[in-house]
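**Q** Residues per chain are reported as follows:
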Amino acid sequence: MSTDATTQAASTTGSDEAAVRRAISSTPRPPQAGALSAALTFGWRGMLKVKHVPEQLVDVTITPVMLIVLFTYLFGGAIAGSTAEYLDYILPGILVMSVLLTTVYSGIALNTDLTTGVVDRFRSLPVWRPAPLVGSLLGDSVRYLIAGTVIIVLGVIMGYRPAAGAGGMLLALALVVVFAFALSWVFTTIGLVMRSPNAVMMTGFVAIFPLTFLSNVFVDPTTLPGPLEAFVNVNPISTLATASRGLMEGHAVAGDIAVVLAVAAGLTVVFAPLTTRLYGKG
Amino acid sequence: MTTASSLAIEATGLVKAFGETRAVDGVDLTVRTGSVYGVLGPNGAGKTTVIRMLATLISPDAGTARVLGHDIVDDAHAVRRAVTLTGQLASVDQDLTGRENLILLGRLLGLGRRAAKDRADELLAAFGLSEAAGRLVKHYSGGMRRRLDVAASIVVTPELMFLDEPTTGLDPRSRNQVWSIVRALVAEGTTILLCTQYLEEADQLADGIAVIDNGRVIAEGTPAQLKASVGSAALHVRLLDPEQRPEAERVLRLTLGPVTLEPDPAALSATCPHADRGAEAVAQLARSGVRIAGFSLGQPSLDEVFLALTGHPAEAPPPEQGSSIEEKQAV
Ligand SMILES: Nc1ncnc2c1ncn2[C@@H]1O[C@H](COP(=O)(O)OP(=O)(O)OP(=O)(O)O)[C@@H](O)[C@H]1O
Ligand SMILES: [Mg+2]
Chain C
1 MSTDATTQAA STTGSDEAAV RRAISSTPRP PQAGALSAAL TFGWRGMLKV KHVPEQLVDV
61 TITPVMLIVL FTYLFGGAIA GSTAEYLDYI LPGILVMSVL LTTVYSGIAL NTDLTTGVVD
121 RFRSLPVWRP APLVGSLLGD SVRYLIAGTV IIVLGVIMGY RPAAGAGGML LALALVVVFA
181 FALSWVFTTI GLVMRSPNAV MMTGFVAIFP LTFLSNVFVD PTTLPGPLEA FVNVNPISTL
241 ATASRGLMEG HAVAGDIAVV LAVAAGLTVV FAPLTTRLYG KG
Chain G
1 MTTASSLAIE ATGLVKAFGE TRAVDGVDLT VRTGSVYGVL GPNGAGKTTV IRMLATLISP
61 DAGTARVLGH DIVDDAHAVR RAVTLTGQLA SVDQDLTGRE NLILLGRLLG LGRRAAKDRA
121 DELLAAFGLS EAAGRLVKHY SGGMRRRLDV AASIVVTPEL MFLDEPTTGL DPRSRNQVWS
181 IVRALVAEGT TILLCTQYLE EADQLADGIA VIDNGRVIAE GTPAQLKASV GSAALHVRLL
241 DPEQRPEAER VLRLTLGPVT LEPDPAALSA TCPHADRGAE AVAQLARSGV RIAGFSLGQP
301 SLDEVFLALT GHPAEAPPPE QGSSIEEKQA V
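Quick note, the sequences are listed as chains C and G, same order.
Counting along the first sequence from 1, when you hit position 67 you're at 67 in this note's numbering, and nothing is skipped either side.
Counting along the second sequence from 1, when you hit position 296 you're at 296 in this note's numbering, and nothing is skipped either side.
It should be emphasised that the hints constitute simulated quantities derived from the structure, not laboratory data.
Be a bit skeptical, because a hint or two may be false.
[To be verified] Facing chain G, from chain C, some residues (calculated, C-beta under 7 Å): (1) ALA33; (2) ALA38; (3) THR41; (4) GLY43; (5) LEU48; (6) LYS51; (7) VAL118; (8) ASN235.
[To be verified] Computed list of chain G residues with no C-beta within reach of chain C, every gap over 10 Å: (9) THR21; (10) ALA115; (11) GLY169; (12) ARG183; (13) ALA184; (14) HIS236; (15) ARG238; (16) GLU280; (17) ALA286; (18) ALA293.
Note that the structure is predicted; figures quoted are calculated from it, not measured.
Ideal placement from N, C-alpha and C gives every residue a C-beta, glycine not left out.
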């Protein structure tokens, strides 16, 4: 607070009463912000956070990146015969894992807002009540796309060339992002009931890691013992991984995609209203 | 400013319980439009809970309140249109810059893109934050964050402002800055409900004060009335020569009343309800030939007010500093 005295004489004293009085008296009350405009403004806030706090994105992307490199080069040959074949198998699954891990951040961000008191300010504003939640989906979508793109680009660098090409990869990414939106409502609900951002992070990771490992992301379930194979087959993450593989290789099964969309719809129908209610109640 | 009624807040019998804790236990408040009303109380008294109810963040378990003529439950949206809240935890986004915070609120309150930016810059300049405008708020000092917080509350000038412990944790200079901002707001016609733990702050800013403890209003009045009811302001005198203390004691007892001999053999004090009586007593000491090294007139502290009003000292603050944060988020 010392330089640039020419522009701001007031900065040396902090603030001056006359300028404050002028600032106070100068605003007529504008018309109320519409619901869409408020949601978009919160979306802008979400984007700014991606820009200012990229660490959080790095935190959740680094693990899948490490896993894909490790698994492919270390176990790829043993599991699938060759590293190239294993990369074909694992990449769509890692894409799923990476984007789903990012959804935990939605809950962490919301919980951070609660603990810092920002939510109190938002809730005392005359805006459409769910606007902060809806708006943050926008920022989320940017994060999902970044997390997904990092994995796909890494895969291509490592030699991944799926049959359906760029179009297939985009379709797979789109499906994963849709599912991520639905799952993020689960974590916003958790974010509203947990005590600290760290608790949300732990809960999220403790849920997502086993669910991803007990799916067909890393290994073909037919190689697993019976009960485990049964669980892996009903795990929606397996279905999502299978559908993504199908889209990338150009042999997607409509039934798989339908199951993924149905689960996504189910999660949204239950958890979106729950989040909104908890948020409104404070 | 524009309401027909001359009362900005009328609350009757407000109650809010969290599990076993009756955080607010039957609070009545009447605040005139255009005034600053202080709610004074120790940690856990229920101040924040009262504000959160009046600002429509939580609904009361019992009782009713009208803010600027609007019912806080049935007409919450109308209340939100006219009030702003500067919460106890600086309620600005730490991961955004100061300028982005103000633009965000401007847009949410209905300003256009251009207008929101201009307004942000105007406020940053007025609050001495222009240089820090592009810095993330998490790198601000406590005083800067508080000023930004208040600036965020007046992006659109409110009719009524809730201020929850605006100077707790600030150094005296930052505290004075916040006080001068509050005075400017009042001068422009904003009504203010101010929660504080400091009698001095309420004394400096408020026209009327309610003292609350354990969720109840235990005393109400102007700052002068409250202090008078406590009557524990004291004249402290230090003598050059301890030998003269008996003589000084005699003079003070005659002019003021009960005298306390302090552990320091050259010091003594006497209760002193008014400054002019204190001045008289000091003059009398000088006339009697007592040589004085120094004297001061002490204000009663919140602790003394509490002791006088309740017969028990104000509760010690909870051991963990972070506790109020924890409490807020138990939904
Ligand atoms: N959300 C909550 N859940 C549970 N208990 C709460 C909650 N909010 C407040 N309390 C309890 O209600 C009581 C009053 O709290 P409140 O925050 O209103 O006090 P305060 O006067 O603002 O105190 P401080 O000076 O520490 O801010 C305290 O005992 C507190 O623990
Ligand atoms: Mg409080």
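**Q** When you look at the beta carbon of GLU280 of chain G, is every beta carbon of chain C farther off than 10 Å?
**A** holds, 36 Å
**Q** Confirm or reject: ARG238 of chain G is not an interface residue toward chain C, with every Cβ-Cβ distance exceeding 10 Å.
**A** holds, 35 Å
**Q** The output says ALA115 of chain G does not contact chain C. Does that hold with a beta carbon cutoff of 10 Å?
**A** Given that some Cβ of chain C is not farther than 10 Å from that of ALA115 of chain G, nearest at about 7 Å, it is violated.
**Q** Is the hint on LEU48 of chain C kept, meaning its closest Cβ partner in chain G is under 7 Å away?
**A** Since the shortest Cβ distance to chain G is 6 Å, the answer is holds.
**Q** Can we confirm that no CB of chain C comes within 10 Å of the CB of ALA286 of chain G?
**A** holds, 39 Å
**Q** Quick check on the hint: ASN235 of chain C CB to chain G CB, less than 7 Å?
**A** Hint violated; ASN235 of chain C Cβ to chain G Cβ min 30 Å, cut 7 Å.
**Q** Just double-check ARG183 of chain G for me: nearest Cβ-Cβ distance to chain C has to come out over 10 Å.
**A** violated, 7 Å
**Q** Is ALA293 of chain G truly not at the interface, in the sense that its beta carbon sits beyond 10 Å from all beta carbons of chain C?
**A** holds, 35 Å
**Q** Quick check on the hint: LYS51 of chain C CB to chain G CB, less than 7 Å?
**A** Given a least distance of 10 Å, the restraint on LYS51 of chain C is violated.
**Q** When the nearest CB of chain G is found for ALA38 of chain C, is that gap smaller than 7 Å?
**A** Check passed: Cβ of ALA38 of chain C comes within 6 Å of chain G, closer than 7 Å.
**Q** Checking hints one by one. Is VAL118 of chain C an interface residue toward chain G, by the C-beta closer than 7 Å rule?
**A** holds, 5 Å
**Q** Against chain C, does THR21 of chain G hold up as non-interface, every C-beta pair farther apart than 10 Å?
**A** With a cut-off of 10 Å, THR21 of chain G remains clear of chain C, as the shortest Cβ separation is near 17 Å.
In this structure, the earlier hints numbered 4, 6, 8, 10, 12 and 13 are contradicted, and the remaining ones agree with it.
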